[in-house]
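Visitor: Take the sequences, apply the hints, and build the full model.
Number of protein chains: 2
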Amino acid sequence: MRLYTYFRSSAAYRVRIALELKGIAWEPAFVHLLREGGQQHKPDYAALSPMRLVPALVTDEGAVLTQSLAILEWLEETHPTPALLPADPVQRAQVRAFAATIACDIHPIGNLRVLRYLKREMGQSQEAIDTWYRHWIDVALPALEAMAGEGPFCYGLAPTLADVYLVPQLFNARRYNCDLGTFPRLLRAEAACQALPAFQAAAPAAQPDAE
Amino acid sequence: MRLYTYFRSSAAYRVRIALELKGIAWEPAFVHLLREGGQQHKPDYAALSPMRLVPALVTDEGAVLTQSLAILEWLEETHPTPALLPADPVQRAQVRAFAATIACDIHPIGNLRVLRYLKREMGQSQEAIDTWYRHWIDVALPALEAMAGEGPFCYGLAPTLADVYLVPQLFNARRYNCDLGTFPRLLRAEAACQALPAFQAAAPAAQPDAE
Numbered sequence: 001m002r003l004y005t006y007f008r009s010s011a012a013y014r015v016r017i018a019l020e021l022k023g024i025a026w027e028p029a030f031v032h033l034l035r036e037g038g039q040q041h042k043p044d045y046a047a048l049s050p051m052r053l054v055p056a057l058v059t060d061e062g063a064v065l066t067q068s069l070a071i072l073e074w075l076e077e078t079h080p081t082p083a084l085l086p087a088d089p090v091q092r093a094q095v096r097a098f099a100a101t102i103a104c105d106i107h108p109i110g111n112l113r114v115l116r117y118l119k120r121e122m123g124q125s126q127e128a129i130d131t132w133y134r135h136w137i138d139v140a141l142p143a144l145e146a147m148a149g150e151g152p153f154c155y156g157l158a159p160t161l162a163d164v165y166l167v168p169q170l171f172n173a174r175r176y177n178c179d180l181g182t183f184p185r186l187l188r189a190e191a192a193c194q195a196l197p198a199f200q201a202a203a204p205a206a207q208p209d210a211e
Numbered sequence: 001m002r003l004y005t006y007f008r009s010s011a012a013y014r015v016r017i018a019l020e021l022k023g024i025a026w027e028p029a030f031v032h033l034l035r036e037g038g039q040q041h042k043p044d045y046a047a048l049s050p051m052r053l054v055p056a057l058v059t060d061e062g063a064v065l066t067q068s069l070a071i072l073e074w075l076e077e078t079h080p081t082p083a084l085l086p087a088d089p090v091q092r093a094q095v096r097a098f099a100a101t102i103a104c105d106i107h108p109i110g111n112l113r114v115l116r117y118l119k120r121e122m123g124q125s126q127e128a129i130d131t132w133y134r135h136w137i138d139v140a141l142p143a144l145e146a147m148a149g150e151g152p153f154c155y156g157l158a159p160t161l162a163d164v165y166l167v168p169q170l171f172n173a174r175r176y177n178c179d180l181g182t183f184p185r186l187l188r189a190e191a192a193c194q195a196l197p198a199f200q201a202a203a204p205a206a207q208p209d210a211e
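Line order of the protein sequences matches chains A and B.
Per this note's numbering, residue 1 is the first one in the first sequence, and the count goes up by one each step.
Per this note's numbering, residue 1 is the first one in the second sequence, and the count goes up by one each step.
Calculated directly from the structure, the hints in this document are not laboratory data.
Some hints here could point you the wrong way.
Copies of the same chain look alike in the list, so a pair counts if it fits in one copy or across any two.
Each computed SDA-like pair below joins lysine to any residue, with the alpha-carbon atoms no more than 25 Å apart [as the list claims (entries may be wrong)]:
| id | residue 1 | residue 2 |
| --- | --- | --- |
| 1 | Lys42 | Asp209 |
| 2 | Lys119 | Ala158 |
| 3 | Lys22 | Gln91 |
| 4 | Lys119 | Trp136 |
Guide: Here you go:
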């Protein structure tokens with residue numbers, strides 16, 4: 001499979017983790033979100049991904065999949081082992097709700113295109129933008145801590161989609177100097193993940209396009 | 001089942017549509033997002049929904065589910081008929097990508113709490129906030145039009161999760177006077193949906209808490 005990725009993209013990072021956890025062979029295609037006015041806006045990439053966002057995944061059969069959430073569900077359906085969702089429907093809903101809290105309630109509001117709009121169209125200072133970024137993380141982390149289950153991972157003895165979303169989000173939180181000291185369940189899950197080779201291989205610093 | 005809902009909440013509207021399409025009996029519990037400083041912030045509701053957002057669904061067994069995305073997947077898994085996702089994995093991924101474009105790339109950026117932050121913390125005018133709201137819809141609608149498949153619905157002869165997300169989003173787009181004239185596939189799918197009793201019953205104006 002070919003993954004269109006950018007080392008620091010949180011959404012691409014999620015998909016890299018899942019590919020590694022499931023032991024799927026993949027090759028990267030690099031999309032630099034800052035160079036050349038954003039390589040995601042080039043016609044070749046926009047033809048693959050109408051929203052001009054990374055990641056996009058091209059399957060071995062040539063199908064083009066976009067949106068990390070949809071890609072992760074497709075990976076789970078087509079490569080079910082190891083499972084990243086529990087078997088019980090209510091537990092699956094809890095894992096998905098945790099993931100959606102990151103995917104919907106934190107990540108989009110701090111995305112590059114949104115921060116740029118605040119700066120260019122609304123004339124906000126970098127300090128105000130950093131405060132905005134931290135605000136949405138600060139609001140959501142207590143909820144995620146309350147939602148997390150028994151450890152060591154977010155929900156039990158093995159990583160799930162909750163962990164796949166959590167680790168990239170905490171990576172971003174640290175980049176913006178958020179206070180993570182009061183979230184023991186989240187930090188415990190993150191530590192359990194970081195001990196796994198799959199999470200290490202998927203990390204931004206381990207990517208060939210890392211700067 | 002009991003659905004915590006607000007008539008104008010786009011996320012609650014999605015879940016109402018799915019409940020109606022699947023013929024599931026449900027009772028509403030009303031959470032007024034504007035009254036009393038926002039009833040979603042009351043301790044009783046925050047105990048159900050740590051993010052203090054609607055909707056939340058309480059199942060007949062008493063499980064509390066949050067996040068419309070997770071609730072919709074749970075409904076699909078536990079009440080599979082009529083199906084709101086195709087059987088083929090790639091087609092499922094396409095429907096989910098369409099839904100996620102709305103759930104992640106449009107809706108959270110125009111949510112009440114975000115608009116309030118722009119006004120109160122960033123001092124933006126109502127005109128600037130309305131322009132912001134329309135901007136994220138204007139960016140995404142051409143992508144959704146390009147992603148949509150053969151009709152009459154977004155993907156084929158019956159509604160899927162793509163339609164469940166589209167109809168509430170277009171309802172919001174009209175509230176903010178977005179130009180919808182250039183999206184024939186989206187408007188065709190919306191018209192097909194609006195002809196169905198399930199979509200009519202789920203509409204904001206049909207709710208007991210409508211104003």
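Visitor: Are the hints correct? Go through all of them and say.
Guide: Hint-by-hint comparison with the structure:
1. Lys42 with Asp209: Within. Shortest intra-copy distance 18 Å satisfies the 25 Å Cα cut-off; inter-copy 46 Å does not.
2. Lys119 with Ala158: neither (41 Å within a copy, 43 Å between copies)
3. Lys22 with Gln91: both (20 Å within a copy, 21 Å between copies)
4. Lys119 with Trp136: Answer is both; intra-copy 17 Å and inter-copy 15 Å each pass.
Checked against the numbered hints listed earlier, the structure breaks hint 2 alone; every other hint is satisfied.
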